[in-house]
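Asker: These are the residues of each chain, in order.
2 protein chains.
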Amino acid sequence: MTTASDTPALNIALLGGGTVGSQVARILTEDAASLTGRIGAELNLTGIFVRNPQATRDFQLPSEYYSDDVDEVMDGADIVVELIGGIEPARELILKAISQGANVVTGNKELLATHGNELYEAAAQAGVQLSFEASVAGAIPILRPLRDSLSGDKITRIMGIVNGTTNYILDQMDSTGASFNDALAEAQRLGYAEADPAADVEGQDAAAKVAILAHLAFHAPFTLDQVYTEGITDVSDLDHKSAAEAGYIIKLLAIAEQLEDPEGVVLRVHPTLLPREHPLASVRGAYNAVFVEAENVDELMFYGPGAGGSATASAVMGDVMSIAKRRLRGGPGRTHTARRELECLDIGESTTRYMVVVRAADASGVLAKVAGTFADHGVSIKSMNQTPDEASSDDEKTALLAFITHRAKESQLAQTLEATKGLDVVNEVLSVMRVEGK
Amino acid sequence: MTTASDTPALNIALLGGGTVGSQVARILTEDAASLTGRIGAELNLTGIFVRNPQATRDFQLPSEYYSDDVDEVMDGADIVVELIGGIEPARELILKAISQGANVVTGNKELLATHGNELYEAAAQAGVQLSFEASVAGAIPILRPLRDSLSGDKITRIMGIVNGTTNYILDQMDSTGASFNDALAEAQRLGYAEADPAADVEGQDAAAKVAILAHLAFHAPFTLDQVYTEGITDVSDLDHKSAAEAGYIIKLLAIAEQLEDPEGVVLRVHPTLLPREHPLASVRGAYNAVFVEAENVDELMFYGPGAGGSATASAVMGDVMSIAKRRLRGGPGRTHTARRELECLDIGESTTRYMVVVRAADASGVLAKVAGTFADHGVSIKSMNQTPDEASSDDEKTALLAFITHRAKESQLAQTLEATKGLDVVNEVLSVMRVEGK
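Chains as they are written, first to last, in our numbering: chain X, 4 to 441; chain E, 4 to 441.
None of these hints come from the bench; they were simulated from the model.
Any given hint might turn out to be false.
[Stated by the list, open to error] In silico lysine-lysine, DSSO-like type, Cα no more than 30 Å apart, as pairs:
#, chain 1, residue 1, chain 2, residue 2
1, X, K328, E, K328
2, E, K244, X, K328
3, X, K157, E, K424
[As the list claims (entries may be wrong)] Residues from chain E that keep clear of chain X, each with C-beta distances beyond 10 Å, as calculated:
#, residue
4, R147
5, G194
6, C347
7, I350
8, T354
Positions of the beta carbon are idealized from the N, C-alpha and C atoms, including for glycine.
Produce the entire structure from the sequences given, and follow the hints as far as they go.
Answerer: Pasting the structure below:
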């Protein structure tokens, strides 16, 4: 595991031997010659910290690589790759690596979305690099383009499909008419969803990722608890049908947008209607994509696999190689400390469009009453589509009215809905969903 | 134009005041405060080299910015931004900037695809940085992800829609049934195509870009003249119809792929059939996208505007900001010199699928004869679709047979076509197009 040649070598300690860790170990050993050829240095995997060194793994190295003694594994490391996940001991181990002068690569979204600033500042103070491309949208190179390629532009909005599980489920519901529960069961059967799918379907995973994206896009620190989060567990068959009839598809979007008045950022994760011709609408199955709007570049999209051992390992290796190249050239690492204060605003300040589906009396004058109520609260209607109501009876004739509004504030919509529910011609508000895309 | 504050400042000389140059000048002056806030240094636009300082421009700065004396403009520059285009004097000016110790940002694809290596080596020797994100796919951040994010993976293939003009024309032909000439005229009317559209429609523009992409993806130098290039001028109505009937769409793709046996790279630009569900198939109008296949990451796509002043200026500014940040941190620039020898192979070595449309006798046994001829040459047929032939007459009943093959070598296909043309039941081979995508 050491080299006697003249080629410079960097020692790499790997923390974690799971799906992604195993693939990083495979690439570092199987592709060693090719990697060395590309950067002119050996990347020397010195050890892998695991809880149980005797366990069998997807990719198995000789037993001397594995150790449950983390100090031993991290000793003398130039780069520590943290792929344990979770808050502790990951946080503690990364801080320890930094204090030892090691550069760190991590894919730990949960940790970065809660304790990111502590880690970025520790790395900046120690003059080491902390890289985390794999933490958002798996293998898609999105963090580096946000930080570097778009650094001369002004990002106004990011919309991401950053959770493959929910995208798979919504895609199944849309394309096969499956219920949420059936689509979830299928996703679990295929390994796209975990036995306990809460973090995915309730939107927490996407919320962590949008906090990290927003930090890099807006140069200010944000945390998971600042993200307004709605999952997909309540998305109904009626939502899908109404969306499809109006030419839209439902996606769980993670959105970070900068507002001018009041100045600040809104972070939100929720099921969202997108026009079928929007680039994000064609992201199917468990794929991820991040759509970026910026002042000069207009719009960009980055698409690829959002998970998977070898795909995520590719992103980890990109970070490892970048750090290695920088180490070999000399010069200080880059830092990610937040540069400015920027308030995180309540979702009530956010402006978007909406689909509102109501069950109302099937009689003349009803549309005028509902439209009038919307107008009274400053919400204007872009389109309306009436469909027969299966619950309609001879005693009480009802119809379903699906409205798509123009842009309005969340707070205005809330008032509009209250007033609409109070109308005598309206039986029920059945569905309210946000609509994005031009 | 100089600063008296304590904030460090970098001097930027701009060469060229056209569409992109004007937008770079606008961003550097209008967004100066915001850019300074982000990097902690002033980006000081010291002058703009133009042929005619008195001309009116899209974005006009005070007249003292403009000069036709390039030495004066470049004097004392930390970063020289070359947006003149063409080979000379751009090449000479970039070499001069490098020899003065300035870092260089350019969007000049033609120059890089012909004299790239000379420039990369000059920059490496002088220890300055030469960045060129804007040279390929306008504003889409593709070069940095290829170089950095995917540096730990092994790229096997790149397929790009990197010319907006041809994508617009093919999209119009596909969606409206327009002829090539009508679609070109419409593109010219809208400003998507130039009065002399040769460089776009004949594929030379895309060829320059794929040479640059291949250099970064495969770490070896390639030039424009190594790219097999076919434009879209011969794409016919029948090609579009046959493709559509088989579930495909025609795109002009710029492809760089690494072969194992014989080892090397094939670079090719040609109209290509893609399955309608392929991510590149949904890239409409004048948009660009680059699809990357790599061993670990599987597939990625980068999508965005391929041209336009402010969008391309955003990519230029990303390079300027990266250089500025590096200058402020200290440490040497990065170099792009090719690291290995890798042969550029003839397209005859390339393996792909094909659509072949023939006019043949409308009689029993014809399919068996054609299929037999294909099989004799090692080309196996995946699907066949027969359609009525408008040229069929009572004297001579003919039909159109559209075949989609499995993967075969270009050289095998050439032999197959020769033999097919010699069959007595085949009147004519009407269309031959390459097919990509799974």
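Asker: All hints are to be evaluated individually against the structure, with a verdict given for each.
Answerer: Each hint tested on the structure:
no.: 1; hint: X:K328 / E:K328; in the structure: holds (17 Å)
no.: 2; hint: E:K244 / X:K328; in the structure: violated (50 Å)
no.: 3; hint: X:K157 / E:K424; in the structure: violated (58 Å)
no.: 4; hint: R147; in the structure: violated (6 Å)
no.: 5; hint: G194; in the structure: holds (16 Å)
no.: 6; hint: C347; in the structure: holds (19 Å)
no.: 7; hint: I350; in the structure: holds (26 Å)
no.: 8; hint: T354; in the structure: holds (23 Å)
Violation of the numbered hints given earlier is confined to hints 2, 3 and 4; the remaining hints are satisfied by the structure.
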